[in-house]
Amino acid sequence: MATALDTLCTQAYGAGNIKKFGVLLQSALLGMALTLIPVSLLNWFSADILKILGQEPALADLTGGFVRVMLVGYPALYAFEVLKKLVQAESVTFPMAVLTGLGNVLHISLGYYLSQHTSLGYLGPAVALSLLEVAVFGGMLGYLLWWNPMHVAWCVEWGWPAAWSHVSQVFRFGVPGMLMMLIEWGAIEILTLVAGILPNHILTIGVNSILSSTLNLWYMPYFGLSVAATIRMGNLLGANKPEKAKRVMSLTLRLSFAFALVTASLLLLLSPILPRLVVNDVDIVARGSTALWFIAPLHIIDALNAACQGCFRAMGKQDVASGVNAAAFYLVGVPVAVLFGLYFKWSVEGLWSGFTLGSLSANFIYQFLLSRVDWAVVAQDAVDRE
Numbered sequence: 001m002a003t004a005l006d007t008l009c010t011q012a013y014g015a016g017n018i019k020k021f022g023v024l025l026q027s028a029l030l031g032m033a034l035t036l037i038p039v040s041l042l043n044w045f046s047a048d049i050l051k052i053l054g055q056e057p058a059l060a061d062l063t064g065g066f067v068r069v070m071l072v073g074y075p076a077l078y079a080f081e082v083l084k085k086l087v088q089a090e091s092v093t094f095p096m097a098v099l100t101g102l103g104n105v106l107h108i109s110l111g112y113y114l115s116q117h118t119s120l121g122y123l124g125p126a127v128a129l130s131l132l133e134v135a136v137f138g139g140m141l142g143y144l145l146w147w148n149p150m151h152v153a154w155c156v157e158w159g160w161p162a163a164w165s166h167v168s169q170v171f172r173f174g175v176p177g178m179l180m181m182l183i184e185w186g187a188i189e190i191l192t193l194v195a196g197i198l199p200n201h202i203l204t205i206g207v208n209s210i211l212s213s214t215l216n217l218w219y220m221p222y223f224g225l226s227v228a229a230t231i232r233m234g235n236l237l238g239a240n241k242p243e244k245a246k247r248v249m250s251l252t253l254r255l256s257f258a259f260a261l262v263t264a265s266l267l268l269l270l271s272p273i274l275p276r277l278v279v280n281d282v283d284i285v286a287r288g289s290t291a292l293w294f295i296a297p298l299h300i301i302d303a304l305n306a307a308c309q310g311c312f313r314a315m316g317k318q319d320v321a322s323g324v325n326a327a328a329f330y331l332v333g334v335p336v337a338v339l340f341g342l343y344f345k346w347s348v349e350g351l352w353s354g355f356t357l358g359s360l361s362a363n364f365i366y367q368f369l370l371s372r373v374d375w376a377v378v379a380q381d382a383v384d385r386e
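Residues 1 to 386, numbered by this note's numbering, are exactly what the sequence shown covers, in order.
By construction, these hints were calculated from the structure, which means they are not laboratory data. Be aware that one or more of the hints could be misleading.
The calculated DSBU-like cross-link candidates involving lysine-lysine, where the alpha carbons are at most 35 Å apart (straight line), are [stated by the list, open to error]:
(1) Lys-20 with Lys-241
(2) Lys-246 with Lys-20
(3) Lys-19 with Lys-246
(4) Lys-19 with Lys-244
(5) Lys-19 with Lys-345
(6) Lys-244 with Lys-20
(7) Lys-51 with Lys-345
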């Protein structure tokens, strides 16, 4: 939901309307609070949902307990995401990098201690994550209140009329932005569920964990590049500079492709080592080292898709991107993955090969749509919104 601010805040800042941030802050917090209710219910009953989906009851109960503990930190996480978007719109990113970097150190060290040296056991990392989210939110408040009081220029005047005034826009851009990510993440979770019903499911689940963890880690630099593109393009569109926004898009796509070739090569070079960072089972490590070769093409496509999605967020076209994801992953990616993995019995490697075709389909459509954008019209829409 906070992705709505990728559009609203960056364009407002580009237009010089920074006072609008005070209203957007309240509307975003209210909108996020409304979404927290169904999210909390889904997470609270996640064990029952997993059992309905055919997962092993004992494993579902463990997962449900873990997720319930994580719920404690959700309000702080939501509030942090809103503040982060407002600060990022002004091209201030270093404080978030420091906060999340220190937070990850806290999470890893505290998670290890709580899981290995207390009675919490496997719940330790969940407790650590909740504490991390509260700590990072507190750090963000401290930064804004004492280190860089940039919020003063936002002209925040708390009140229900201000909070409700832009909730519709938060949902208009936030819901498609949320779906844009959830559709792809949901497709990946379907692969995880299918991996659990493949022959020798303990092995395939372990290998699938290696592949998904590696993809997530390798994706992070391109997510950052996508955010940078969103900020810069949004600022330029709000300032009614469409040609410069178009050049930023082209540069982002080229950089993403060039860097992805390098990181994909690094992925292949490190394939014998990476599985050992996730699991210690000899058979899973050996199979995972080979399976990593199947996701190198997907990594390159993911990098390009991240760049494209950043461009759509800057333009306020999250609905278009979410529609592309839905068609690509649920009409191509998941069906072909199931076909390769189950019907052709290509196991977990087949699942990810099929998913790659879905991601490739999305990229083809993204590139086609971006090539046909009327940048003058998009920039005028941003100006009119202010």
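Taking the hints in turn, this is what the structure says about them:
| no. | hint | in the structure |
| --- | --- | --- |
| 1 | Lys-20 with Lys-241 | 20 Å, holds |
| 2 | Lys-246 with Lys-20 | 25 Å, holds |
| 3 | Lys-19 with Lys-246 | 27 Å, holds |
| 4 | Lys-19 with Lys-244 | 25 Å, holds |
| 5 | Lys-19 with Lys-345 | 58 Å, violated |
| 6 | Lys-244 with Lys-20 | 24 Å, holds |
| 7 | Lys-51 with Lys-345 | 25 Å, holds |
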